[in-house]
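With the hints in hand, could you dock these two chains into one complex?
Residue strings, one per chain:
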Amino acid sequence: MDIKILGPGCPKCHETERLVREVVAELSVDASVDKITDLMKIAGYGVFGTPAVVVDGEVKSVGKIPKKEEIKTWIEG
Amino acid sequence: MKERTKLLWIILIFLASYYIPWSHPVVRQSGFEAFMMLQEYAREHVLTCLIPAFFIAGAISVFVSQASVLKYFGSQAKKILSYSVASVSGTVLAVCSCTVLPLFAGIYSRGAGIGPATAFLYSGPAINVLAITLTAKILGWQLGLARAIGAVVFAVVTGLLMVLIFRKDDAARTQGQIYLPDEEGKGRTLLQDALYILTMVLILIFAAFARPAEGSTGLWPAIFAAKWYITIALLILLGFMLKSWFTRDECKTWVESTWGFMKQIFPLLLGGVLVAGFMLGRPGHPALIPEHFVQTLLGGNSLWANLFASVAGALMYFATLTEVPILQGLLGAGMGKGPALALLLAGPALSLPNMLVIGSVMGIKKTAVFCSIIIILSTIAGMLYGVIAG
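Those protein sequence lines, which keep their order, are chains A and B.
The first sequence begins at 1 in the working numbering and counts up by one.
The second sequence begins at 1 in the working numbering and counts up by one.
Derived from the structure by calculation, the hints contain no laboratory data.
There may be inaccurate statements among the hints.
Said to hold, decoys possible - Derived pair list, reagent style SDA-like, types lysine to any residue, alpha-carbon separation capped at 20 Å:
{"no.": "1", "chain 1": "A", "residue 1": "67", "chain 2": "B", "residue 2": "62"}
{"no.": "2", "chain 1": "A", "residue 1": "12", "chain 2": "B", "residue 2": "252"}
{"no.": "3", "chain 1": "A", "residue 1": "67", "chain 2": "B", "residue 2": "250"}
Unchecked claim - Cβ-to-Cβ under 7 Å is the rule here; a few derived chain A residues that face chain B:
{"no.": "4", "residue": "42"}
{"no.": "5", "residue": "43"}
{"no.": "6", "residue": "50"}
{"no.": "7", "residue": "62"}
{"no.": "8", "residue": "66"}
From the three backbone atoms N, C-alpha and C, an ideal C-beta is built for every residue, glycine too.
Chain B on its own, in the form it takes in the complex (with noise of 0.2 Å):
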């Protein structure tokens, strides 16, 4: 941090203490809201949902080779195969923006072209692990879920399009020697590495088993009612794999990895939580920001609604995860679902800081129809996931 920027951040923190009235009643409700979404989420979401989904991110990015995946996006790929990877490695290589920019940067100018470029760039922080199981837990699995299947959609789209558009100046590419990360020779085979990430993704979806509707009948309550049984077995099975499928050095990577992301996620989604509350409170429990204003601004299903949404979405920085509790405020303030799902496809892919940089590499031009592209496109499936959600 510059040390102009810290002055700034002083002088800002020493003006909201100065200034904002916090013994009126209406901000003391916002701060005990703000600490009631915190207690929440430290009772309801951690231990089960975000400690387990930490873990997976972790074996993901050290044991899934990412050499094997980079290398659909050379220049001599297969153009098909180049747009389907690019629309789900997001899942396994972009936890972390330190990934995503510089390969983003590296497929357009050296790689396999604007397409599958734009098409990674926009999936990449869209559908990662962490996300959309977080999204499932808190959101509902309805949301979630279409917010896999939007990112990935939309991706391949939006890939296809920036082509359509841009098909002249694709050609003017410098073409050059393209290094990989290199692959590091292991012990196991394909299916072990599944079947040990699989193995993890069972534990987190029963250790999070949501408790079934009074008076249901048939599997779901059993399942329910067996649950730790479950996951103390799955980890168990867990345990025999680390045991005698990895080694010890490779254990310690899994577990670096994994403190890696949670030092650098936790924080901000602390402060996300934070300020969610404060602003919209609990869903059902009023807060700072008025449940009529954001009701006339995103509730219902309108064309405006999905619009705003669409747009606030892709200029708003969202740090890592952080949507999901801002999200769940909105909601709860009578946000409609459309506008949500419309605000989720546009938030993580875009902000204004990203645009500038995505700017820096392919133009202005182009990056105002990959935004246009990507505003357009959420506005219209928030529209009609509004009309099937209800």
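Chain A with its partners taken away, still in its complex shape (with noise of 0.2 Å):
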């Protein structure tokens, strides 16, 4: 499973960086995190807000930080 974050490097962006690997963490799934900091590959995404998740190619959550239930649900959906 591939997991993409996509922000600048805002403290939203950094909590939801560490949401995503502590939920990754706990349902110890092989998946690998990356953060994107590049505003046009950001923008390549077409997300109009950040930060935003990315799983699998399929946006999940734009501007916000996701709890930790949702994010529970995209990795096990």
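Written out as structure tokens, the structure is:
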């Protein structure tokens, strides 16, 4: 599984990355978590707002810190 | 922070401690001014102006739906709407660079194109609630108003000029799916949200109501005498609104986001006030930089002074809100009112690091044109304001 956190490096983006990594560790799934800070790459996903989370190429959340339960459903579903 | 940067900072602080002649009268006077200015802020501005403004900014970022604003930046959106929304949406969207730059890149490459994107990029940092309130409170409402109007007008003009100059390559943008922030269902009407934010703005206005001039009669002294009663009545009203319209969770996110802004901005402002006090001193009190130096460069309302203020503002990096104490120091040291507005209009939207990021998104040529337009417009606006305000 391939998870990407899009964000230029603000506190909210760090918080999102921390939560995602926590959930990945808790569920002990085999997933790579990457942080993308390049603005043009972020724009390339078409997201109008950060932090955003992309799971296997699919945009899951935009412009907010997701809740842990939400992250769980994306990874398990 | 990288390890190398940390080392660099330590070396810089060491060299400063080692070489600065701390016992020299001018340096001692400057140090004294730094803390006197800090005290002025703590006594006059924090409780009545900054704290309410933080709560308003927090409320806006939580309760105003971003999706409803952002849909006007899609590639299908009507152009006129895009421009109007771009020029004022800084008030609701942009209190943090977290939002401005990614959003700019998104609007530019996927959405409404270069015009609205640059309009937004310009107006975003210049027009947010915190910046306008603090400018009006500390530098006077005339300058606050001029800044707000200038920012909105400039945003539209800059956007239109960019489209005019770069009409051709606008077509080369990529098409594709656009993802807006999720719209969350809520149990309030728009009117309720508006009343709620209006109540807070009124609290801010009355709590910060300035003492009217000695001997004036009529409405203003009456309002001033009653300002704390009005403020308390409004606070009670706000309490009722919160209790009956908002859930516990919503109040919690509101306080959290307000706290987020405070954590982010207070340390920067503290540093900004200390540096401004140290370099320039309070109005009427000289500090490190001699006043005649400021007067020669930025005094009066000449073309040169306005241009210098615009270019300096464009290159310098102002952390959120720190432009206000710096400008207060400069004005006190003899800067003209026109150049002050020029600096306010060119300052927060542009900085050297910011230009590099913008350059990576739209290329050097467009970035150069964008910066030149803003510098020229700021200079003109400064001169006009200098003539009107004297």
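Outcome of the hint check:
1. A:67 <-> B:62: Holds. Residue 67 of chain A to residue 62 of chain B sits at ~15 Å (cutoff 20 Å).
2. A:12 <-> B:252: holds, 17 Å
3. A:67 <-> B:250: holds, 15 Å
4. 42: Holds, because the Cβ-Cβ distance from residue 42 of chain A to chain B comes to roughly 5 Å (cut-off 7 Å).
5. 43: holds, 4 Å
6. 50: Cβ of residue 50 of chain A sits 4 Å from chain B, so the hint holds.
7. 62: Holds, about 5 Å.
8. 66: violated, 10 Å
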